[in-house]
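Engineer: Take a look at the letters that make up each chain.
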Amino acid sequence: MADSPAASAAEKAKHDLNFPLTRSGCPFDPPPEYQDLRVQRPVARAVLPDGQPVWLVTRHADVRAVLTDPNISGDLRQPGMPVPGGGNRSPAGVPYPRTDPPDHSFWRRMLLPAFTVRRAREMRGRIQEIVDGTLDAMERLPQPVDLVEAFALPIPSLVICDILGVPYVDHPFFQAQARVMMDRNSTPEDLQNTVATVRGYMCELFERKRAQPADDLLTKMVQAQEEHDLGDEDLAKVAQSVLNAGHETTANMIALSTLVLLDNPTTLAQLRAGRATWADAVEELLRYLGIGDLVSPRTATADVPVGGAVIRAGDGLFALTGSANRDPAAFPDPDTFDIDRGGRRHVAFGYGIHQCLGQNIARIELEVVFESLFRRFPDLRLDVPMDDLPYKNDSAIFGVRALPVRW
Amino acid sequence: MKVSVDRDRCVGAGMCMLTAEHVFGQDDDGLVEVRGPVEPGGEAAAREAEWLCPSGAVHIVET
Chain A
11 MADSPAASAA EKAKHDLNFP LTRSGCPFDP PPEYQDLRVQ RPVARAVLPD GQPVWLVTRH
71 ADVRAVLTDP NISGDLRQPG MPVPGGGNRS PAGVPYPRTD PPDHSFWRRM LLPAFTVRRA
131 REMRGRIQEI VDGTLDAMER LPQPVDLVEA FALPIPSLVI CDILGVPYVD HPFFQAQARV
191 MMDRNSTPED LQNTVATVRG YMCELFERKR AQPADDLLTK MVQAQEEHDL GDEDLAKVAQ
251 SVLNAGHETT ANMIALSTLV LLDNPTTLAQ LRAGRATWAD AVEELLRYLG IGDLVSPRTA
311 TADVPVGGAV IRAGDGLFAL TGSANRDPAA FPDPDTFDID RGGRRHVAFG YGIHQCLGQN
371 IARIELEVVF ESLFRRFPDL RLDVPMDDLP YKNDSAIFGV RALPVRW
Chain B
133 MKVSVDRDRC VGAGMCMLTA EHVFGQDDDG LVEVRGPVEP GGEAAAREAE WLCPSGAVHI
193 VET
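Here the protein sequences line up with chains A and B, keeping their order.
Taken in order, the first sequence gives residues 11 to 417; the numbers are from the numbering used here.
Taken in order, the second sequence gives residues 133 to 195; the numbers are from the numbering used here.
Keep in mind that the hints were calculated from the coordinates and are not lab data.
Watch out, some of these pointers could steer you wrong.
[As the list claims (entries may be wrong)] On the chain B side, residues computed to face chain A include the following (Cβ under 7 Å):
#1 V143
#2 A145
#3 G146
#4 M149
#5 Q158
#6 G162
#7 G168
#8 P186
#9 S187
Please read these numbers as outputs of a predicted model, since none were measured by experiment.
Even for Gly, the Cβ is constructed at its ideal location relative to N, Cα and C.
Construct the entire structure; sequences and hints are all you get.
Structural biologist: Right under this line is the structure:
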C-alpha cells in the first residue's frame, strides 16, 4: 500500500509501458509487444526514458486516422511533442518536415518537383550508374566486405548529392559529413560542428548555383530566394533535411533487405529469374521491415478520440507505422514475407501530409540496388551468422551497423 | 464513375498515379491532375487511389 506521493509514483512507474520498445527474436519483426497492444490496448499509454508520457497508436486504421486528423500536429515545437532522445530539439533549428502548414506546405511544394514519380523514373539511369560504380569499387575490396560501409551507406548519399546538385568532386567530403551525422558515437559537439560545416558548404554552393544555374534542387532553391524572403540559412536547413531524411533510412533498408532476401532464397531465385518483379519485392520489404516505426511522433492540439481512447489536447503520441504494417486487419498473415501480396497499403513511408517526399526516388533506388547487387554477386552470402550481426536497437531508425559478406 | 481532385490538398505523394496511371498524373508542379476517365474495369484502381491518397485530395464521385 502506497503511503506517499513518491511511493505512488514509483508504483505506477513499474506498471507503465516503457517506450521505445526493442526488437527481440527475429530482427525483421517489430517488438513483440506490439501484437498484444493492437489486440488489447490499441491506443495505449506509455512513458519515455525521460518520464514523458506518450500514447502509442498501433493499429493500421488508427495510424492512418491519427496521421490525417486536423487536430494532430507534427510541429516539433509543440510542448507535448515526444522526443525519444529527450531535450535536444535539433541543434540545427526546426527542420521543415517537423512543421505544420503553412510553413510545411511552402517548403514541400518548393521541393516537390524534384521528387515526382516522373522525375524518379527519369533518374533510373543515373541511379544505375551510381550503383554500378559502387559495385565496381566493392568488387575490388578484399573479402569479407562490409556491405553497409561499401554499398548501403554510399549509394543513398550519392543519389541525394545528385538530386541536390553537389558536385561529384565534393562527394567524399559530403559523405564524410553525413557519416558523422549518423554515427552514434558522435558527441553533441561533433554533430554541431558537422551541421555547421555542411551549412557553410551549402552556402558556398548556393553562390556557385547563382553564378552557374543547373538543373538541380539547390539551383531551384536559390531561384526561389528571389521570389520569397529567404536567407541562405533557411535554404541550408532544408537541404540538410533532405539529406537527413533520405540517407540513413535508405541505407538501413538496403542492408536489412539484403538480409531478408538472403534469408528467403526461394523468393530471391524467383526475382533473379524474372518470375517476380523487384517493384513488388521492394513494396513488401518496406511493409515487412517497418524501419520507420518511431518516425511519426505527433501532438494533439484538441481532444482526439481514437481506438476507444481519447488523446487529450497537449498529449504526445507515436503513430507506430511498424506495428501498423503487421496488423492482421490490414494484411492477412502479416508476419510472412510474401512479395505476391500486392498493393501499397503499408505505411512504411508514413501517411498524411508528411508522407515521405522521397518515396518514389526510394522505390526506384531500392529496385535498382537489389537487382544490380544480386546480378553482380549471384553467390552473395553472409560471412557471419545473422544472429551475430550488430543491429541498431538504440536508433530511431532500425538497421544493422555492419554486414560482412562474401561472394 | 467520375473522379475529382483537389490541388490545394495534394502533397504530391504520387500514389494515385502509381495506382491508376491512366486516370491520375502529376503536373509540372508535382500536384495531381486528371489525365483521363475511369474506364470500365478501372473502378477498383480508382477507388484504391482515393483510399491511398495521404492528403484526401482524390475523390470518387459515383455516377
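Engineer: Could you run down the list of hints and mark each one as holding or not?
Structural biologist: Hints, one by one, checked against the model:
no.	hint	result
1	V143	5 Å, holds
2	A145	5 Å, holds
3	G146	4 Å, holds
4	M149	5 Å, holds
5	Q158	5 Å, holds
6	G162	4 Å, holds
7	G168	16 Å, violated
8	P186	4 Å, holds
9	S187	5 Å, holds
Hint 7 alone, counting from the list given before, is not met by this structure.
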